[in-house]
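S.K.: Construct the complete structure from the given sequences, taking the supplied hints into account.
Chains as they are written, first to last, in my numbering: chain A, 372 to 479; chain B, 139 to 249.
Calculated directly from the structure, the hints in this document are not laboratory data.
Just to be clear, a hint being listed does not mean it is correct.
To be verified - Lysine to aspartate or glutamate pairs mimicking DMTMM-like chemistry, simulated, CA-CA at most 25 Å apart: (1) B:K157 with A:E413; (2) B:K174 with A:D455; (3) B:K179 with A:E386; (4) B:K182 with A:E413; (5) B:K205 with A:E413; (6) A:K471 with B:D242; (7) B:K182 with A:E379; (8) B:K174 with A:E379; (9) A:K431 with B:D242; (10) A:K420 with B:D156; (11) B:K179 with A:E447; (12) B:K160 with A:E413; (13) B:K178 with A:D426; (14) B:K182 with A:D455; (15) B:K147 with A:E413; (16) B:K179 with A:E379; (17) A:K471 with B:D156; (18) B:K174 with A:E413; (19) B:K160 with B:E220; (20) B:K147 with A:D455; (21) B:K209 with A:E413; (22) B:K182 with B:E196; (23) A:K423 with B:D176; (24) A:K471 with B:E220.
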Amino acid sequence: GNSVTQMEGPVTLSEEAFLTINCTYTATGYPSLFWYVQYPGEGLQLLLKATKADDKGSNKGFEATYRKETTSFHLEKGSVQVSDSAVYFCAPSSKLTFGKGITLSVRP
Amino acid sequence: DTAVSQTPKYLVTQMGNDKSIKCEQNLGHDTMYWYKQDSKKFLKIMFSYNNKELIINETVPNRFSPKSPDKAHLNLHINSLELGDSAVYFCASSLFNQPQHFGDGTRLSIL
Chain A
372 GNSVTQMEGP VTLSEEAFLT INCTYTATGY PSLFWYVQYP GEGLQLLLKA
422 TKADDKGSNK GFEATYRKET TSFHLEKGSV QVSDSAVYFC APSSKLTFGK
472 GITLSVRP
Chain B
139 DTAVSQTPKY LVTQMGNDKS IKCEQNLGHD TMYWYKQDSK KFLKIMFSYN
189 NKELIINETV PNRFSPKSPD KAHLNLHINS LELGDSAVYF CASSLFNQPQ
239 HFGDGTRLSI L
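M.R.: Below you can see the structure in the form of structure tokens.
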């Protein structure tokens, strides 16, 4: 089946630092890949997605590229803000258990 | 214009009680889900319904019973609540195999 492996958290950064959160996948075929974000006290919401190899998803300054050769979908942002503090989940379209995500804390 | 709404937002009750959580979506989606998120933020699927039919039923105690009266509603009834049931429960909906839309969660605390 399809699954993802996320880097271990939590991640703590200073404001304006560069962010990378690693996500690698194993899949039969090429499922769509998603990054979700969960802000404190809220449910998950879709942050960005990519539906095929070499697609780049982007939203709110975040980017992730669906890389077939490295089976990766790493999340990046050039300059994080305090308001980006949240839990981030990587998931293929067919996977319904999201795991524990990565908690990002951004210090002023 | 809330897309996925679940009630109540907070639920505090005693061990042994029976409680229900309601969920409604107005997005026209055909698939709905219940998830449990523990204190470490681990989010695990419990149930999934597609067009009112149960399609996923993970290893969940029989005390948990979902009911889908129509495609827009998926309720969760819990019998004989236990301390370990304390968690945040999320309802979500989607078109099949598409990104999910989540409610804001129901925070269940068992005393």
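S.K.: Hints first: check each against the structure and report whether it holds.
M.R.: Going down the list of hints, with the structure as the test:
1. For the suggested pair K157 of chain B and E413 of chain A, the alpha carbons sit about 22 Å apart, so the restraint of at most 25 Å is met.
2. Under the criterion of a C-alpha separation no larger than 25 Å, the hint pairing K174 of chain B with D455 of chain A is consistent with the structure, at around 24 Å.
3. A threshold of 25 Å between alpha carbons decides the hint, and for K179 of chain B with E386 of chain A the separation of about 24 Å falls inside it, so the pair holds.
4. As the CA atoms of K182 of chain B and E413 of chain A are separated by approximately 16 Å, the hinted pair is consistent with the 25 Å bound.
5. Between K205 of chain B and E413 of chain A, the direct Cα distance comes to roughly 24 Å. Compliance with the 25 Å bound is thereby established for this hinted pair.
6. The hinted pair formed by K471 of chain A and D242 of chain B meets the criterion: a straight-line CA distance of about 17 Å does not exceed 25 Å.
7. Between K182 of chain B and E379 of chain A, the direct Cα distance comes to roughly 18 Å. Compliance with the 25 Å bound is thereby established for this hinted pair.
8. For the hint linking K174 of chain B to E379 of chain A, the alpha-carbon distance of about 21 Å falls within 25 Å, and the restraint holds.
9. Using a Cα cut-off of 25 Å, the hinted pair K431 of chain A and D242 of chain B holds, with the two alpha carbons roughly 21 Å apart.
10. Note on K420 of chain A and D156 of chain B: the hinted pairing is violated, with a Cα-Cα distance of about 39 Å set against a maximum of 25 Å.
11. For a cut-off of 25 Å, the pair hint linking K179 of chain B to E447 of chain A stands: about 21 Å separates their Cα positions.
12. Proximity of K160 of chain B to E413 of chain A is assessed by CA-CA distance (about 17 Å); at most 25 Å being required, the pair is judged to hold.
13. Using a Cα cut-off of 25 Å, the hinted pair K178 of chain B and D426 of chain A is violated, with the two alpha carbons roughly 32 Å apart.
14. The hinted pair formed by K182 of chain B and D455 of chain A meets the criterion: a straight-line CA distance of about 23 Å does not exceed 25 Å.
15. Between K147 of chain B and E413 of chain A, the direct Cα distance comes to roughly 11 Å. Compliance with the 25 Å bound is thereby established for this hinted pair.
16. Simply put, K179 of chain B and E379 of chain A have alpha-carbon atoms about 13 Å apart, close enough for the 25 Å limit, and the pair holds.
17. With a C-alpha separation of about 28 Å, the suggested pair K471 of chain A and D156 of chain B falls outside the 25 Å cut-off, and the hint is violated.
18. Between K174 of chain B and E413 of chain A the alpha-carbon distance is near 14 Å, which keeps this suggested pair within the 25 Å criterion.
19. Among the hinted pairs, K160 of chain B with E220 of chain B is consistent with the structure: their alpha-carbon atoms are about 19 Å apart, no more than 25 Å.
20. A distance of roughly 24 Å separates the Cα atoms of K147 of chain B and D455 of chain A; the hinted pair therefore holds under the 25 Å criterion.
21. Proposed proximity of K209 of chain B and E413 of chain A is supported: the alpha carbons are some 24 Å apart, at most 25 Å.
22. Annotation: proposed proximity of K182 of chain B to E196 of chain B holds, straight-line Cα distance about 9 Å (limit 25 Å).
23. With a CA separation close to 32 Å, the supplied pair K423 of chain A and D176 of chain B exceeds the 25 Å bound.
24. Among the hinted pairs, K471 of chain A with E220 of chain B is consistent with the structure: their alpha-carbon atoms are about 23 Å apart, no more than 25 Å.
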